[in-house]
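Chemist: Got chain A; can you put chain B on it based on the hints?
Protein chains in written order, with the numbering used here: chain A, 132 to 732; chain B, 132 to 732.
Keep in mind that a hint or two might mislead.
To be verified - The calculated EDC-like cross-link candidates involving lysine to aspartate or glutamate, where the alpha carbons are at most 20 angstroms apart (straight line), are:
| hint | chain 1 | residue 1 | chain 2 | residue 2 |
| --- | --- | --- | --- | --- |
| 1 | A | Lys213 | A | Asp351 |
| 2 | B | Lys213 | B | Asp351 |
| 3 | B | Lys458 | A | Glu320 |
| 4 | B | Lys213 | B | Glu390 |
| 5 | B | Lys486 | A | Glu320 |
| 6 | B | Lys334 | A | Asp667 |
| 7 | B | Lys633 | A | Asp667 |
| 8 | B | Lys486 | A | Glu254 |
| 9 | B | Lys695 | B | Asp719 |
| 10 | B | Lys346 | B | Asp284 |
| 11 | A | Lys486 | B | Glu320 |
| 12 | A | Lys633 | B | Glu673 |
| 13 | A | Lys671 | A | Glu725 |
| 14 | B | Lys308 | A | Asp265 |
| 15 | B | Lys633 | A | Asp677 |
| 16 | B | Lys610 | B | Glu707 |
| 17 | B | Lys633 | A | Glu673 |
| 18 | A | Lys486 | B | Glu254 |
| 19 | A | Lys486 | A | Asp443 |
| 20 | B | Lys486 | B | Asp370 |
| 21 | A | Lys633 | B | Asp677 |
| 22 | A | Lys334 | B | Asp667 |
| 23 | B | Lys334 | A | Glu665 |
| 24 | A | Lys458 | B | Glu254 |
| 25 | A | Lys439 | A | Glu468 |
| 26 | B | Lys308 | B | Asp276 |
| 27 | A | Lys695 | A | Glu725 |
| 28 | B | Lys582 | B | Glu526 |
| 29 | B | Lys458 | A | Glu254 |
| 30 | B | Lys281 | B | Glu320 |
| 31 | A | Lys633 | B | Asp667 |
| 32 | A | Lys458 | B | Glu320 |
| 33 | B | Lys342 | B | Asp284 |
| 34 | A | Lys308 | B | Asp265 |
| 35 | A | Lys334 | B | Glu665 |
Don't read these hints as lab results, they were simulated from the structure. All of these numbers come straight from a predicted model, not from anything done at the bench.
Protein chains: 2
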Amino acid sequence: MLYSLITQTNTQLNMTTTLNYQWAFSLIHYFSLYGVTHAVISPGSRSTPLALACEQHPNINTWIQIDERSAGFFALGLAQQKHQPVILICTSGSALANWFPAVVEANHSYTPLLLLSADRPTELQNCGANQTIDQQFLFGSHVRDFIALKHADNKLLNSPYLQHISRQAFQYAISPKPGAVHINIPFREPLLPSSQNSQTLNKTIQHLSQKIMDKSISIDPNKLLSPPICTSPLQSAVDILNSGHGFIICGLLNQQEQEGFKQAVLLLAATLNCPILIDPLSKQRFRSSYAPFTYNYDHFLRQILTDKALIDPPKWIIRFGQFPVSKALLNYLNSLESPTLLISSYGDSLDPIHKAQQIFHTLPKKFCTDILKYSITSGSQAWLEQWQMLEQASEQCIQQSLKTAPTHIFEGHIIHHLLKNIPDNSIIFSGNSMAIRDFDTFITQDSAKEKQLNFFANRGTSGIDGNISTFLGLLAHQKHYGVALLGDLTFYHDMNGLLIAKSLAASGYNATIIVVNNNGGGIFNYLPQQALNEFDKLWKTEINLDFQHTAQLYGLAYTKIDTKKQLESCLSNVFEQSGIQIIEVIIDQQMSVECHQHIYN
Amino acid sequence: MLYSLITQTNTQLNMTTTLNYQWAFSLIHYFSLYGVTHAVISPGSRSTPLALACEQHPNINTWIQIDERSAGFFALGLAQQKHQPVILICTSGSALANWFPAVVEANHSYTPLLLLSADRPTELQNCGANQTIDQQFLFGSHVRDFIALKHADNKLLNSPYLQHISRQAFQYAISPKPGAVHINIPFREPLLPSSQNSQTLNKTIQHLSQKIMDKSISIDPNKLLSPPICTSPLQSAVDILNSGHGFIICGLLNQQEQEGFKQAVLLLAATLNCPILIDPLSKQRFRSSYAPFTYNYDHFLRQILTDKALIDPPKWIIRFGQFPVSKALLNYLNSLESPTLLISSYGDSLDPIHKAQQIFHTLPKKFCTDILKYSITSGSQAWLEQWQMLEQASEQCIQQSLKTAPTHIFEGHIIHHLLKNIPDNSIIFSGNSMAIRDFDTFITQDSAKEKQLNFFANRGTSGIDGNISTFLGLLAHQKHYGVALLGDLTFYHDMNGLLIAKSLAASGYNATIIVVNNNGGGIFNYLPQQALNEFDKLWKTEINLDFQHTAQLYGLAYTKIDTKKQLESCLSNVFEQSGIQIIEVIIDQQMSVECHQHIYN
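Isolated chain A, as found in the complex (with noise of 0.2 angstroms):
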């Protein structure tokens, strides 16, 4: 053995090996008693018992990845699909560090996960141990919880220790606010008896699991949910709906909040005469044609924010969930002093303009039915017709944009083509910076009207790290078709993330992955930075890759496209291959800067 271990006897070394193991599995057991079933693992010695409780567990599938920061993106979109947590597994040192952009985004997009870190234990820290850092409390406030766990304990073993702390992590990963909980795991070395045989070995890990499983207890995990409670009195909003003419915002929303409130809150805009305004994120834009949802208003409202004759002011706004993408309509709300209803389901204050008169820590359904239970007069149907007129000549005016631009690509073409040939039921993965605002401005009433799509983004902090690796975490929920748009930045981010693509392809899940590439990311051409000498260098950043040997190392197949002819080819028939594919749309960045404005003027 090239890596002797300090000596002890056969038995001591034994007994802490079975201990670590038991340790671990019951913990992983433990959770999959709650309806836990996923675990993402990147590989790594100190960590082996967690790993290979996963692997062992009947009922945890487990996905390797070996960079840790594309890991957590992944388990993310993971648990974005399944609505249920998703265990992390790595080793000790900055291992868990790479978690941390993941982290953050879980915190800001009420994604719950799992952090179970391994450690050395307590008398290798703060001596200068290899590998060795300071994991408590690692993810400061942005986790729900971190909970150091003792070292690996017949007595506690046999307690209820482990099943209160499996119990606790969970609760917090989803209730009141899903999110990470981050459990701190230190193993005493050996991690495994060195002395067995390999068969001898096997059957050991084997037996032990079993016999975890076979004292399994009873656990009711909706026991540990505890529902949104409406902390504002509605009379007061209702008064506020009475007072005149007003509109809905829909923003973000998750599965448990989008669960019956399309109905409801057509139900209200019928009663209130309004139009809603759906932002992307809402899900409501696809398939979608109700009278009052209103898809365009990033379009006109730019006129209305020139020219505010245009429109009357609103009596009042109800909005839903996170704040809506659109930047014209973030200016326009800024502009307004109406009152604001903000529904904000875990309570948050989801209000960076700082209008919300009043926050109802409440269900978006029950928000519209509660309040329909008062007495409320119905809107003027003028009023709802203003907005529909604006809304069917940006309609207009943005289909025309798509026939009359200039030969060259623009990122209105990909979406329009994207949207008419994918697949229904298929999800798609918007990019951060431009591809978001893009989608808010393409998929209008008529490019989606024929669609049930699943539209996702990472908007919880709108970082352009892991993007991929969230993309290729909600296509492995099932196999529906799956496309994501990224720039060609944010597509660099996360090569890494790729590693996973090509198993994923092999399992029978089946993606395109189209980047937008303008070399270096059109969104600063829209900012003043543009006008600065430093602009190339600090803001332009070229990266002159060529994606193509990206597909090669990681296996995809991939095309290139420069032409508007090829684009619509290639996305005619793109979706029907199978395996993950890479497509790289070359876009010159200032004619695409010239086709925006064009748009909007």
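Modeler: Frame of chain A; chain B shown alone:
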């Protein structure tokens, strides 16, 4: 304009803008007065004033790296070579969470960094604003200090506030214990005036910068250093040393610790008649044919561990700096009862085996010269000769293994030909996991005698993350040749770091990155995990990547090596070529394990 600004008067706009820029430039200027000369910038919008200030400042060199994780490790390498804090700049949100792995490494490798994170202003916190997270104390206990900078303010700008802040940050970054200091810097919009034309804008920026520099004050950075103090009495140490024979161990020492150390420790060893075990990171192994220097202890201590009669136990051990890499040495030290004197210049207890009887909070050189003022009994010459015999036997055995090894390449061959051909005064960076252990074995007296080389590794937390970036940061210091030797998993983890390689090559930096590709990392082959059924999935982690495509993506020259002959011929001329090259050496995992075991048995 696509994104209109919230209505303000032009004067108000310009005032905020001007203040933001003056604020940022003043801070950067103060740092430059303390001697800071480098900033590593990841592009973003909120960080505009900071990035622009660095770019404008005549004494600050800027480096652009889009991936903040790679940027962090690049700055780390640069700071280790410059022996001065390097500035890092990024935008708000999850961006700075990507710095965390490098911050953790900086903490444990005592590397000074100045983390300047841009932030949204206070009024956009905790209200669901885009790209806004709680950045306060983000890095917890892993930074030396956290400073929440106030918003740009005219009154404070004309006060000593920023001078005080920059002094505090610089001071804590270097003293008493080098590490990262985090300054969080909120900026209110607008970040730049949008109304000015390009020429006026650029002139204004230049004018503001000049004005601040003209008001320049004089700062003596040396006044900020608090010298380490000797906290333990020396007489009891002298008594221990006079009790009989012992040995000295030199671990990783930084620049300040190395000053005058070699001469001092050789004098001490001559007095004590004792061997000096030199860790590869001690920087003592190259061109150092001094009799007491012992290189091959990792080899012969394995035998001593199984046959204790081969050598007497020492009566004492003196250990300098961080704990050595060798696991055999760790196990040997653990088996001894001899008292250890630990010299730890930041006073940290770098002692994972808990054997230090006294810890001296002082510089290594000072310890040597101070203790030689006492009356020290000369040890026995026979003791030193015993060690030298073991050393020579191991030297022959290791040399022999290179000749008798089978036709396959193993790691020993790579290091042998590398040391033979690498230009004098080059830097060598070793990856973690197997690479550093192989260097420990194969940097023998014979192989290292002719070259002066500067040897580095990220041993603070021994992560496989960020290794390429750290190497390129080390390289960027001055135009000495650089070679990195990394395993395939380590290379994969930080391929994004290669984005900067092409521009480094264009600026005249020359380097070779050697990837030892055994498809999945070999270290676990030496651990008991290899007997498990789950081994291939959880630990072997075959990644099946052909790094030729990585080289093509980043426009770097690439050679694949399959045979010993190719290896010899390639390493005999690659270092004469200019630019940055990647050499992928294909290693058979099983054969490599056998070669290693052959040496040690």
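Chemist: Given the hint that Lys486/B pairs with Glu254/A, does the C-alpha gap stay at or below 20 angstroms?
Modeler: Within the cut-off at roughly 13 angstroms; holds.
Chemist: For the pair we were handed, Lys439/A and Glu468/A, check the Cα-Cα distance against 20 angstroms.
Modeler: holds (13 angstroms)
Chemist: Given the hinted pair Lys334/A and Glu665/B, is their Cα-Cα distance within 20 angstroms?
Modeler: Status holds; Cα separation ~12 angstroms.
Chemist: Given the hint that Lys695/A pairs with Glu725/A, test it: the Cα-Cα distance must not exceed 20 angstroms.
Modeler: Measuring from Cα to Cα gives roughly 17 angstroms; hence the hint holds.
Chemist: Keeping to a limit of 20 angstroms between CA atoms, is the pair of Lys458/B and Glu320/A held or broken?
Modeler: The given pair, whose Cα atoms are some 14 angstroms apart, holds under the 20 angstroms limit.
Chemist: CA of Lys633/A to CA of Glu673/B, is that 20 angstroms or under?
Modeler: holds (13 angstroms)
Chemist: Taken at face value, is the distance from the CA of Glu390/B to the CA of Lys213/B at most 20 angstroms?
Modeler: Satisfied, since the Cα-Cα distance of roughly 15 angstroms is no more than 20 angstroms.
Chemist: Straight-line Cα separation of Lys633/A and Asp667/B no greater than 20 angstroms?
Modeler: holds (17 angstroms)
Chemist: Is Lys633/A close enough to Asp677/B, meaning Cα to Cα at most 20 angstroms?
Modeler: holds (14 angstroms)
Chemist: Just to be careful, I want the Cα atoms of Lys334/A and Asp667/B compared with a cutoff of 20 angstroms; is the pair within it?
Modeler: holds (17 angstroms)
Chemist: Assess, step by step, whether the Cα of Lys308/B is no farther than 20 angstroms from the Cα of Asp276/B, and give holds or violated.
Modeler: Status holds; Cα separation ~11 angstroms.
Chemist: Check whether the Cα positions of Lys458/A and Glu254/B lie no farther apart than 20 angstroms.
Modeler: Cα-Cα ~18 angstroms, so holds.
Comparing the model with each earlier hint shows no violations; every hint is respected.
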